[in-house]
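*Asks:* With these hints in hand, go ahead and build the complete structure from the sequences.
Chain residues, written in single-letter form:
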Amino acid sequence: MSAAPARLAVRGVEKAFGGITVLAGVSFDVAPGTLHALLGGNGAGKSTLMRVVLGLERADAGELRLDGADYRPLGPADARAHGVVMVPQERTLCLHLSVEENVTLGLPLGRFGLVGARPRRELAARALSAAAGDAARIDLGARASSLSVADQQLVEIARALAHAGLADDGAVRAKVLVLDEPTSSLGRRDAERLFERVAALTARGVAVVLVSHFLDEVLAHCDGYTVLRDGRVEGEGTPREAGQQRIVREMLGELPRRAERTARPRGDAGEALRVTDLSGERAPRGASFVVRHGEILGVAGLVGSGRTELLRAVAGLDRRVSGTVTVSAPGGLGMLSEDRGGEGLMLSRSVSDNVTLSPRGPRVVSPARLRSEARGWMERLSVRAAGPAQRVRELSGGNQQKVALARLLREDHGVLLVDEPTRGIDVGSKAQILDLLRELAAQGKAIVVVSSQLDELLEVADRIAVLRRGVLGEARDVAAWDAHRLLEEAAA
Amino acid sequence: MTSAQGAGRRGVSQRVRGVLAERPWIGPLAALVVVFVLFGLATPETFLRTQNLLTMARQTVVVGVCALGMTMIIVTGGIDLSVGSVVALTTVIIAARLRDGAGPVSAAVTGVAVGGAVGAAVGVLVGRFRMMPFVVTLGTMSALRGVAKGIAKEQKIDCDPRGLDTLLVSAQGMGPGLFVALGLAVLVALTLTYTRFGRHVFAVGSNEAAARLAGIDPSHVKLLVYTLAGLAFGVGGVMEFSTLTVGDPTDSIGLELDVIAAVVIGGAPLAGGEGSVVGSILGALLMTVIKTGAVHLGLPTWVQEIVTGGIIVVAVALDRARYARR
Amino acid sequence: MTRRTALLLSLLSALGCNKDKPTGGAGAPKRLKIAVVPKGTTHEFWKSVHAGSVKAARELDVDVVWKGPLKEDDLKAQIDVVQTFVAQGVDGIVLAPLNDAALRAPVKAAVVAKIPVVVFDSDLLGDAHSSFVATDNVAAGKLAADHLAKVADKGGVVVLRYQEGSASTANREKGFVEGLKAHPSMTIVSDNQYGGATTESAFSTSETLLVAKKAGEGNVAGVFTPNESTTFGMLLALRKAGLTKKVKLVGFDASDKLLEALRAEEIEGLVVQNPFNMGYLAVKTMVEVIRGKKVPARIDTGAKLVTKASLSDPAVMELVKPDLKKWLDE
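Chains as they are written, first to last, in the numbering used here: chain E, 1 to 492; chain S, 1 to 326; chain H, 1 to 330.
The set of hints was computed from the structure by calculation and includes no laboratory data.
All of these numbers come straight from a predicted model, not from anything done at the bench.
Using N, Cα and C, we set each Cβ at its ideal position, and we do this for glycine too.
Errors might be hidden in some of the hints.
Chain E side only, calculated, beta carbon under 10 Å to chain S, not exhaustive [to be verified]:
hint, residue
1, Val248
2, Leu252
3, Gly253
4, Val321
5, Val325
6, Glu343
7, Met346
8, Leu347
9, Ser348
10, Asp353
11, Ala404
*Replies:* In structure tokens:
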């Protein structure tokens, strides 16, 4: 292995944004024809590192080498010319266009901006064959929207390969292919199929870098791994040799001794929410759980595990395929969205308008009265704003979240579904919001908190259940969990 | 010293921005005052006559009343392109009813009711079936024009207006129609500000998903909004008939654009979530003043069109500036 | 500050500088200001009317303000324009009403406000207006009848009418039918067919009519058509049947294509209105009304018969292709 130069060699790469160090001297090698996993929690620096490799960011220090030669990509087009391509995590297909058009989208055009229909079609066919194999029945003329998610994923890979170019005999010119969370929206069988295709690509000499949260995939398929934490390499080796426990430890670091927490005594509080065998379009799949008055149920899960879908199905915002939801609490059920701008808040309206938005209440309202009421909520949740008339758009993420919570609290729902309550907000607000959730539970509310922040769940929840690929596991007392166990179960 | 000055100026500009953010109609008000004063200075002996002011008020009534409905629609993030056709249809229906011997009140009520029914139909398509309002009303714009022509047999319908012609013009110069329009404006403004429904209208336009998450039914809100707007267009049709005194199926072609322009000049972005009755009325007045002033000055039609277009663009630019981060 | 205001004012007045008025200072003695409101502003016909009104304005030393509806043939816009002129307090309004009923109220309001109104081109119901200045279409129809009798001598005549409910063409048809009675050698063989609104419909009706009345066998000596579209449709039908030299056609209006056919002797004569004179007489009548003179309730602006021979006459050419630049674009 040391004889041949690595396909991609990263040496001491550093990168800082506005004084905050994101990459602090990262080094690792990927050999040709291997599948290499890049692991790490949120904010570990994986994305930034890949952006550097793709030429989307320039490293502050360090160097990149490609097959032993100096590699300094000037931009994504230059990276492509070097044979370095990526399939991003979010889907980027134009659903109204055909497979062929999608595969050849963004390719450099010929003279006069035209590309002959025939060469274009042939290139698309070769790329698709390389990415999906000849067994796959993907019609070049089909609309992208008519394909399954798994097939769309293969079309994305075909596009990446086409961008790097293919020889006339179908030989792939791509040298490095980065796959960012490719299986997060796939079922287990589709994920296995994808890895078969990836294996076919590595067999042709392509070095594939896999960014993934799913440790079982990494253990089963990857030839090497690198763990990043806080911009540093904290572990590397061969996944099968290292084993899951070591990798988890490398990802999370040494945990501080946590104060023993057990579920608060619930006494014989009655059920507030009972969900039985609930299934949605994609997720959840047959989820069942019970939340009692005064209890916080935490749901842990990785990106794409169906966390938000679970809450939306419970709230009735998405179609339920099967199952029942029984709410037996005064004030019914309210939900805090993880997507504050998209559906949580009216960003263009004032704090007062947001806090007091309600389907109920008197038909004739006094804006002055509502403003003073909103001011009361602002004080209670210590929202920092110029006043109730200030537009929510102008507030910080933490204060926006408090405004969204205030609206929910004003409605006085007996059951609260809270999706990623601390995403994108500062540490101070985070602590306040978690305190508030505990306070609400003490008042007898039943709360379901979904979060990708494991420490947060361990801090706030009474019981925790792990969601994995749409399947919700058993809810166990918080004392039975720690971060390692949660991650192992979520990523297993 | 200079830095202190600079700080003071910054404070003032920030305060100005704050005031503008809360009262978006201040921009069109300022424009109206400026244009009015300019025309007043240019032709003081004719422009400032009471009679001229009254005439301008009368000529704003149709666009103004329709703008009340359009304001609600645009606040929900929708649009209605069929205003002109609804108004023309209303004049035809009123004329046909009068010709067939109906009384003026019953004829006018029929006209308004037809406007409301059309609005409700659009509201069902836009609300319940989630169709694009642009496309739906593009269809009704053409279809209703056809219905009007069919009812009128492709001619103007002559009839005895039976007093409906004095709605806007009377011996004193100020018909009761002006007060009806003013009353409607106050009613709609109060509804938007002081009722639960009005707040839901803004919520749906600002962020429909958030409104739904909060338990509001956007399709219900839209159905109501388009129905109320249809009623307003029907009232606009009654006012139009009062001026025309005949039922004219080819009337008001392009009125929808004047109405939309009035609302946009009044500070409502087409994206929805914002807008005010005061702003829209000011926008309508502004266009009338420009139109009238152009006649008084002897400006050719093309100059008037350029000025009106320029004001629309400036209004939108100001709107963008309001959102600009510091 | 005052200088800036003055600048703005001069800018505005520069934009509004009306070509129609000779340089008049602010302190000039009160000139009459007459508003002329046509049905539209872009058609050739209205440009001629405009030119005629400018001629009258110069001769009589008054100001003419020319302002049509914002959109062509927009009834509401025309009402608005009239109301605005009333509010502005012009000395007189000269109006070509788009509708004979709808403009009644604004005209009445003008007269109540002591602003006299002269109606031109199309009539208005009621008697509030001082005079009606327009082509006498009955007389124009007679003109066509006399000419057709002269060129065709004797035989059958076909009258292709224009459309039900069109007052001006109905009067032309009426004038023609009456006028032909003075020529007993000519007999009308058909006068109940309508050509309809378009050239296309006029053409197909003409074809059918010519066959039905056995024009090819010499049973039709002459044809009368009352407007541009029927004349052109009939011309095409005659050409197709090869009858242009055999059947004499006398029509109305002068488009380029019709004048061409006139030169080629495919058409014997065209009766044309005199829009220039209409604009001229309307403004002149208005000034007379304002100056307290008595004016007739109905004034004919005249129609003229154009033949191949008279095409060389500069007076006729002036009528058919008036030099508008002289008046409108100095």
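*Asks:* Hint by hint, say whether it matches the structure.
*Replies:* Against the structure, the hints:
1. Val248: violated (36 Å)
2. Leu252: violated (34 Å)
3. Gly253: Because about 37 Å separates glycine 253/E from the closest Cβ in chain S, which is outside the 10 Å limit, the hint is violated.
4. Val321: violated (20 Å)
5. Val325: violated (16 Å)
6. Glu343: holds (3 Å)
7. Met346: holds (4 Å)
8. Leu347: holds (7 Å)
9. Ser348: holds (5 Å)
10. Asp353: This hint holds: aspartate 353/E lies near chain S, its Cβ roughly 7 Å from the closest one there, short of 10 Å.
11. Ala404: OK, holds: alanine 404/E within 10 Å of chain S, min 9 Å.
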